[in-house]
Amino acid sequence: MARSCRFLLYNIRRMRPYLTTYSTQLLVQTMVTSRLEYCNSLLASLPACTILPLQLIQNAAARLMFNLPKFSHVTPLLRSLHWLPVAARIRFKVLTLAYTAANRTGPTYLQDLIQNYVPARPLRSSTAGRIALPPLRVNGSRSSRLRSFSTLAPQWWNELPIPLRSTQTLPAFRRGLNTHLFRLHLD
Numbered sequence: 001m002a003r004s005c006r007f008l009l010y011n012i013r014r015m016r017p018y019l020t021t022y023s024t025q026l027l028v029q030t031m032v033t034s035r036l037e038y039c040n041s042l043l044a045s046l047p048a049c050t051i052l053p054l055q056l057i058q059n060a061a062a063r064l065m066f067n068l069p070k071f072s073h074v075t076p077l078l079r080s081l082h083w084l085p086v087a088a089r090i091r092f093k094v095l096t097l098a099y100t101a102a103n104r105t106g107p108t109y110l111q112d113l114i115q116n117y118v119p120a121r122p123l124r125s126s127t128a129g130r131i132a133l134p135p136l137r138v139n140g141s142r143s144s145r146l147r148s149f150s151t152l153a154p155q156w157w158n159e160l161p162i163p164l165r166s167t168q169t170l171p172a173f174r175r176g177l178n179t180h181l182f183r184l185h186l187d
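Quick note, the sequence shown lines up with residues 1 to 187 if you use this note's numbering.
Because the hints were derived from the structure by calculation, they are not lab data. Model, not experiment: these values are computed from the prediction. We put the CB at the ideal spot given by N, CA and C, even for glycine. One should not assume that every hint holds.
Listed next, with one range per pair, are the computed distances between beta-carbon atoms [what the hints assert, rightly or not]:
{"hint": "1", "residue 1": "Tyr22", "residue 2": "Gly176", "range": "26 to 34 Å"}
{"hint": "2", "residue 1": "Leu56", "residue 2": "Ser166", "range": "31 to 39 Å"}
{"hint": "3", "residue 1": "Gln168", "residue 2": "Thr108", "range": "20 to 28 Å"}
{"hint": "4", "residue 1": "His82", "residue 2": "Leu46", "range": "21 to 29 Å"}
{"hint": "5", "residue 1": "Ser166", "residue 2": "Phe66", "range": "36 to 44 Å"}
{"hint": "6", "residue 1": "Arg183", "residue 2": "Leu42", "range": "20 to 28 Å"}
{"hint": "7", "residue 1": "Gln168", "residue 2": "Pro17", "range": "45 to 53 Å"}
{"hint": "8", "residue 1": "Ser4", "residue 2": "Ala120", "range": "49 to 57 Å"}
{"hint": "9", "residue 1": "Pro119", "residue 2": "Asp187", "range": "28 to 36 Å"}
{"hint": "10", "residue 1": "Ala48", "residue 2": "Pro119", "range": "28 to 36 Å"}
{"hint": "11", "residue 1": "Ser23", "residue 2": "Cys49", "range": "28 to 36 Å"}
{"hint": "12", "residue 1": "Ser80", "residue 2": "Tyr38", "range": "18 to 26 Å"}
Make the full structure from the sequences, and use the hints.
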């Protein structure tokens with residue numbers, strides 16, 4: 001995937017002198033960003049060295065849109081484009097799927113993986129909208145279980161602020177989550 005994105009960026013860079021900023025932005029978003037977004041939740045909890053090539057492509061795409069040299073600082077560009085880094089986009093996608101599963105609006109195969117946390121006795125945190133973590137002592141590879149949706153989604157979900165977890169609609173949740181991750185990663 002990284003190789004095809006680099007090739008697309010190379011071709012767009014060659015056409016850049018003939019394009020407006022808006023048309024360059026459209027080209028980059030349709031050709032490159034869509035490929036970075038495709039199935040990126042599968043990359044959850046992989047090592048940073050695996051995600052780094054995709055982040056470098058996103059950085060190059062941001063520089064290309066503003067027609068800046070290779071070694072210019074990219075964080076202000078990502079802020080002005082309102083783009084989350086690749087690792088944050090992966091977390092955004094997984095948490096959006098977790099929201100749909102926790103609120104029983106998503107696919108049933110995801111709903112089966114997620115259980116709401118019900119404490120054994122009455123606690124103040126029982127209304128916090130937490131998701132129960134699955135047991136890690138199950139037959140199979142422990143490392144693959146740690147990377148699975150059924151383990152990552154509850155872990156990341158329980159780290160979210162309570163007002164964000166209790167959001168009523170999916171668009172409001174996505175907006176709040178985007179703001180939360182933007183503050184977490186780019187501020």
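**Asked** Could one say that the CB atoms of serine 80 and tyrosine 38 fall in the range 18 to 26 Å?
**Response** Distance hint for serine 80, tyrosine 38 holds at roughly 24 Å.
**Item:** Outcome of range test on Cβ distance (serine 23, cysteine 49; 28 to 36 Å)
**Value:** Holds, since serine 23 and cysteine 49 (Cβ atoms, about 34 Å apart) stay within the stated range.
**Request:** Just tell me: holds or violated, for the beta carbon distance of tyrosine 22 and glycine 176 against 26 to 34 Å?
**Result:** holds (29 Å)
**Request:** Starting from the range 49 to 57 Å, see whether the pair serine 4 and alanine 120 falls in it by beta-carbon distance.
**Result:** Holds, at about 51 Å.
**Asked** Okay, glutamine 168 versus proline 17 on CB: inside 45 to 53 Å?
**Response** holds (48 Å)
**Asked** Lying within 20 to 28 Å: is that true of the beta-carbon distance glutamine 168 to threonine 108?
**Response** holds (22 Å)
**Request:** Take a look at whether the Cβ-Cβ distance between leucine 56 and serine 166 falls inside 31 to 39 Å.
**Result:** holds (37 Å)
**Message:** Within 28 to 36 Å: is that where the Cβ-Cβ distance between alanine 48 and proline 119 falls?
**Reply:** holds (35 Å)
**Asked** Given a hinted range of 36 to 44 Å, is it respected by the beta-carbon distance of serine 166 and phenylalanine 66?
**Response** Distance hint for serine 166, phenylalanine 66 holds at roughly 38 Å.
**Item:** Cβ separation of arginine 183 and leucine 42, checked against the hinted range 20 to 28 Å
**Value:** Holds, since arginine 183 and leucine 42 (Cβ atoms, about 26 Å apart) stay within the stated range.
**Prompt:** Using the C-beta atoms of histidine 82 and leucine 46, is the stated range 21 to 29 Å upheld?
**Reply:** Taking Cβ atoms as reference, histidine 82 and leucine 46 lie about 25 Å apart, which means the hint holds.
**Item:** C-beta pair proline 119, aspartate 187: status relative to the range 28 to 36 Å that was hinted
**Value:** Cβ of proline 119 to Cβ of aspartate 187: about 34 Å, so the range 28 to 36 Å holds.
Going through the hint list in order, the structure satisfies each hint without exception.
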